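Given the sequences, and given the hints that come with them, work out the whole structure.
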Amino acid sequence: MSPRPSSSRAPARLRGWPAAAAVTVVALGGGPASAQEADPWPMAGRDAAHSGTAEGPAPPYREAWTEAVALGGPVTGPAVARSALVVVAARGVMALDPATGEPLWEMDRTEGPAGPPAIAGDLLVHASGSGSSTAVVARGLEDGNEAWRAFVDADVPGGLVVADGLVYAATTAGEVVALEADTGEERWRSEVEGRLEATPAVVEDLVLVAGEVRQTGVVTVFALDAATGGRPQWRFSTPGPALPASAPASDGERAFVATSEGVLRALDLDGGGQVWIAEIRAAVSSRQVPAASSPLVVADRLHLYGLGPGDGEERWTFLLADLRALPGGRQNTLSPSSPAVLGGAAVIGDTSGVLSAIDLDTGRLVWRSDLSPGPLGAVAVGDDLVFATTLGQGGSVIGLEHDPDGVLLDEPSPTTVFPLRAILNFVVAATVVGAVALGLSRLAIRGTAASAGERGS
Amino acid sequence: MTSKRRRRARRRAGRPASTTSPEAEAAPPSRAASRPGAKALSPFPPFRTSLARGLWSVAAAPPTLAWTFVSLLVTWAVFVSLGEAPTPSLLAVLLSVSPAHLLADLPVAFGAGGGVAILVALAVLGLVRAVTFGLLILLIQGWLENGRAELRLALRRLPAALSGLFTVLLVEAAAMYALLSVAGGFLGPLAPLTVVAALYFLAFVPVVAAVDGGSLQQSFRRGFRAARLPGTSHLTLVMAYFLLFFYAASVSPFGIVTSATPGPLEWAFALVVTLVHAGVLGSLVFRWLAVRDQVSGDLAPRRGSS
Numbered sequence: 003m004s005p006r007p008s009s010s011r012a013p014a015r016l017r018g019w020p021a022a023a024a025v026t027v028v029a030l031g032g033g034p035a036s037a038q039e040a041d042p043w044p045m046a047g048r049d050a051a052h053s054g055t056a057e058g059p060a061p062p063y064r065e066a067w068t069e070a071v072a073l074g075g076p077v078t079g080p081a082v083a084r085s086a087l088v089v090v091a092a093r094g095v096m097a098l099d100p101a102t103g104e105p106l107w108e109m110d111r112t113e114g115p116a117g118p119p120a121i122a123g124d125l126l127v128h129a130s131g132s133g134s135s136t137a138v139v140a141r142g143l144e145d146g147n148e149a150w151r152a153f154v155d156a157d158v159p160g161g162l163v164v165a166d167g168l169v170y171a172a173t174t175a176g177e178v179v180a181l182e183a184d185t186g187e188e189r190w191r192s193e194v195e196g197r198l199e200a201t202p203a204v205v206e207d208l209v210l211v212a213g214e215v216r217q218t219g220v221v222t223v224f225a226l227d228a229a230t231g232g233r234p235q236w237r238f239s240t241p242g243p244a245l246p247a248s249a250p251a252s253d254g255e256r257a258f259v260a261t262s263e264g265v266l267r268a269l270d271l272d273g274g275g276q277v278w279i280a281e282i283r284a285a286v287s288s289r290q291v292p293a294a295s296s297p298l299v300v301a302d303r304l305h306l307y308g309l310g311p312g313d314g315e316e317r318w319t320f321l322l323a324d325l326r327a328l329p330g331g332r333q334n335t336l337s338p339s340s341p342a343v344l345g346g347a348a349v350i351g352d353t354s355g356v357l358s359a360i361d362l363d364t365g366r367l368v369w370r371s372d373l374s375p376g377p378l379g380a381v382a383v384g385d386d387l388v389f390a391t392t393l394g395q396g397g398s399v400i401g402l403e404h405d406p407d408g409v410l411l412d413e414p415s416p417t418t419v420f421p422l423r424a425i426l427n428f429v430v431a432a433t434v435v436g437a438v439a440l441g442l443s444r445l446a447i448r449g450t451a452a453s454a455g456e457r458g459s
Numbered sequence: 003m004t005s006k007r008r009r010r011a012r013r014r015a016g017r018p019a020s021t022t023s024p025e026a027e028a029a030p031p032s033r034a035a036s037r038p039g040a041k042a043l044s045p046f047p048p049f050r051t052s053l054a055r056g057l058w059s060v061a062a063a064p065p066t067l068a069w070t071f072v073s074l075l076v077t078w079a080v081f082v083s084l085g086e087a088p089t090p091s092l093l094a095v096l097l098s099v100s101p102a103h104l105l106a107d108l109p110v111a112f113g114a115g116g117g118v119a120i121l122v123a124l125a126v127l128g129l130v131r132a133v134t135f136g137l138l139i140l141l142i143q144g145w146l147e148n149g150r151a152e153l154r155l156a157l158r159r160l161p162a163a164l165s166g167l168f169t170v171l172l173v174e175a176a177a178m179y180a181l182l183s184v185a186g187g188f189l190g191p192l193a194p195l196t197v198v199a200a201l202y203f204l205a206f207v208p209v210v211a212a213v214d215g216g217s218l219q220q221s222f223r224r225g226f227r228a229a230r231l232p233g234t235s236h237l238t239l240v241m242a243y244f245l246l247f248f249y250a251a252s253v254s255p256f257g258i259v260t261s262a263t264p265g266p267l268e269w270a271f272a273l274v275v276t277l278v279h280a281g282v283l284g285s286l287v288f289r290w291l292a293v294r295d296q297v298s299g300d301l302a303p304r305r306g307s308s
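Protein chains in written order, with the working numbering: chain A, 3 to 459; chain B, 3 to 308.
Heads up, a few of these hints could be off.
Just the calculated beta-carbon pair ranges, DEER-fashion [unchecked claim]: (1) Y249(B) x R332(A): 22 to 30 angstroms; (2) G441(A) x A193(B): 37 to 45 angstroms; (3) A70(A) x G117(B): 26 to 34 angstroms; (4) T450(A) x G190(B): 44 to 52 angstroms; (5) G264(A) x L237(B): 33 to 41 angstroms; (6) P255(B) x A70(A): 34 to 42 angstroms; (7) L442(A) x A119(B): 37 to 45 angstroms.
In case anyone wonders, no lab produced these hints; they're calculated from the structure.
Since this is a predicted model, take the numbers as computed values, not measurements.
Beta carbons: idealized from backbone N, C-alpha and C, even for Gly.
Right, dumping it as structure tokens:
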């Protein structure tokens with residue numbers, strides 16, 4: 003049995019000062035609020051650098067509340083402020099009370115691709131519309147009223163990121179647009195090669211995006227200097243076809259990006275050189291955001307990995323999805339979900355509606371719950387609750403709290419081989435198949451002998 | 003000989019008879035076939051007879067059956083120790099006939115690391131294959147020639163066959179790697195089709211090495227020679243086996259992602275498919291025994307004349 007994770011262990015897991023410092027810096031840089039007032043999960047990946055790490059309740063969990071989301075259902079995971087949890091739906095935006103799930107307000111949104119919204123002080127920003135009419139819309143967090151609207155001219159399928167008073171949107175036209183969080187005024191716009199499908203990351207004035215060139219399949223990670231109007235500082239291209247790529251994430255020293263040729267790379271933030279490379283076993287989705295925690299927690303379509311951020315050494319892997327067919331022609335994957343690191347565990351949902359928690363130390367499953375038949379989006383964390391979102395029509399937001407009476411599991415990954423069990427299973431199968439094969443061959447010999455005898459007589 | 007008569011002659015030759023030796027099953031050299039312009043008659047026993055005798059030689063002999071199963075378990079264990087826990091699909095093709103088995107071995111060896119690690123993995127896999135295939139071929143040969151699969155006799159003959167077979171398998175691995183690398187460049191996703199060519203030319207070579215021993219050059223020469231004997235019989239067997247191989251590799255009743263520890267049903271599925279692989283190997287042994295004298299006889303004068 004693995005040691006029971008406790009909520010107080012979460013921040014202590016950030017071993018080594020660089021990672022801890024980076025998380026603190028990005029948490030502070032995520033908005034104008036002070037450290038004490040920082041919102042618990044204001045954007046995709048928790049902060050601009052995507053640490054994916056928050057103080058929060060430890061597993062096991064139980065359902066505290068569930069609130070259905072109308073307006074076509076949620077399209078992505080939520081952003082969580084102290085006063086409101088905001089979720090973007092297909093045709094609108096809805097705010098809930100994070101403590102009780104009570105709806106606070108809901109507003110219409112023009113349909114179009116959207117990633118997780120972001121919270122900038124007392125404003126909420128989200129994408130609205132599609133194609134050339136796509137806009138970033140800011141609303142008052144308290145009442146949902148529109149504060150400003152800035153057109154970005156192309157789809158924004160990834161999440162919005164807020165850092166140092168700027169809102170960053172990455173478009174499928176290959177543009178990164180930086181907007182003033184207060185006014186929506188465009189500060190700068192920078193074009194890179196390829197489509198930008200994933201949420202950008204921002205760390206130390208560098209905006210990290212992963213450009214995907216459909217014709218060649220090559221993924222290029224760009225580091226744009228926010229201080230000089232988005233001028234590229236460095237770029238790193240995959241040697242061959244590698245799309246789609248995950249969102250980039252950073253621990254303050256390195257940029258991490260997973261690509262679908264089965265590789266996770268750490269790139270030096272200073273010059274973009276490859277620091278290390280680690281193998282992952284399946285393709286990734288551009289909706290997935292790695293958690294640049296310690297260990298670095300990364301998901302592909304099927305597995306969740308815990309790796310050393312300094313050397314990329316695999317500490318554990320857990321196979322969570324099995325590609326089985328689901329209603330509506332879907333397959334069970336982790337594609338729309340991103341992990342959240344809290345309470346000594348990494349929590350992630352799959353498209354069959356199962357939310358799982360993996361112990362960060364042992365890599366074993368410590369909790370699992372079948373929350374809904376629908377796919378789960380990225381997990382977010384509040385002060386005392388974990389939030390899972392069921393995507394699509396009829397979807398909902400589910401608040402989960404620590405269950406003091408719950409029992410922790412201690413299950414190994416299905417990728418673990420148990421030799422003795424395998425041999426026992428083999429013996430059983432070999433006995434049955436062997437007996438059948440021998441029996442059939444004896445029957446065949448008798449049959450042949452009989453027919454030969456008839457021919458002879 | 004008219005085509006009707008030829009078909010009748012083939013049917014006669016193809017009649018299953020457990021007491022008949024493989025040499026007796028082979029079609030006699032035809033005068034018509036030697037006429038210029040005449041369609042050559044295959045000297046191999048017919049497809050159905052070969053397959054039936056091959057399957058029979060494995061399923062009806064308890065030592066052969068047991069060794070087939072143990073070979074699967076041993077190969078699985080080696081794969082796991084090299085860091086690759088086979089999925090049910092991989093498990094089903096783990097004991098496929100050489101050189102198709104290299105489609106399973108090469109990725110595992112190259113996934114073991116770089117440089118020396120790859121060579122060590124290839125050597126380990128080569129040794130395991132030499133032992134498993136070698137003993138299996140010798141057991142099958144014993145059953146086909148004497149009507150008994152004697153484990154003790156096969157084990158006595160194994161050391162002599164082992165070094166030749168090991169070298170053959172290593173050369174095959176290098177050839178397959180080169181073939182797949184080159185073919186991958188211009189055939190793209192169709193590169194596995196080159197396995198048909200490899201199977202066609204190389205399928206007899208390990209059988210020759212295990213049954214007759216001899217030098218590496220002799221094994222390859224005789225194996226090639228047997229493959230290129232007149233008629234389409236060998237090609238038919240290879241094509242049918244190729245289709246089975248890819249069917250087994252692509253169709254698994256257990257889903258795409260499964261536990262790394264195989265359950266009884268997964269083992270049972272793999273064992274049944276492995277029996278078919280061993281049966282096809284048995285067919286190749288049966289066919290080699292049927293044409294061995296002819297191939298060796300053809301080669302002898304050539305050697306003498308050169």
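To see whether the hints hold, each was checked on the structure:
| no. | hint | verdict |
| --- | --- | --- |
| 1 | Y249(B) x R332(A): 22 to 30 angstroms | holds, 26 angstroms |
| 2 | G441(A) x A193(B): 37 to 45 angstroms | holds, 41 angstroms |
| 3 | A70(A) x G117(B): 26 to 34 angstroms | violated, 58 angstroms |
| 4 | T450(A) x G190(B): 44 to 52 angstroms | holds, 47 angstroms |
| 5 | G264(A) x L237(B): 33 to 41 angstroms | holds, 37 angstroms |
| 6 | P255(B) x A70(A): 34 to 42 angstroms | holds, 38 angstroms |
| 7 | L442(A) x A119(B): 37 to 45 angstroms | holds, 43 angstroms |
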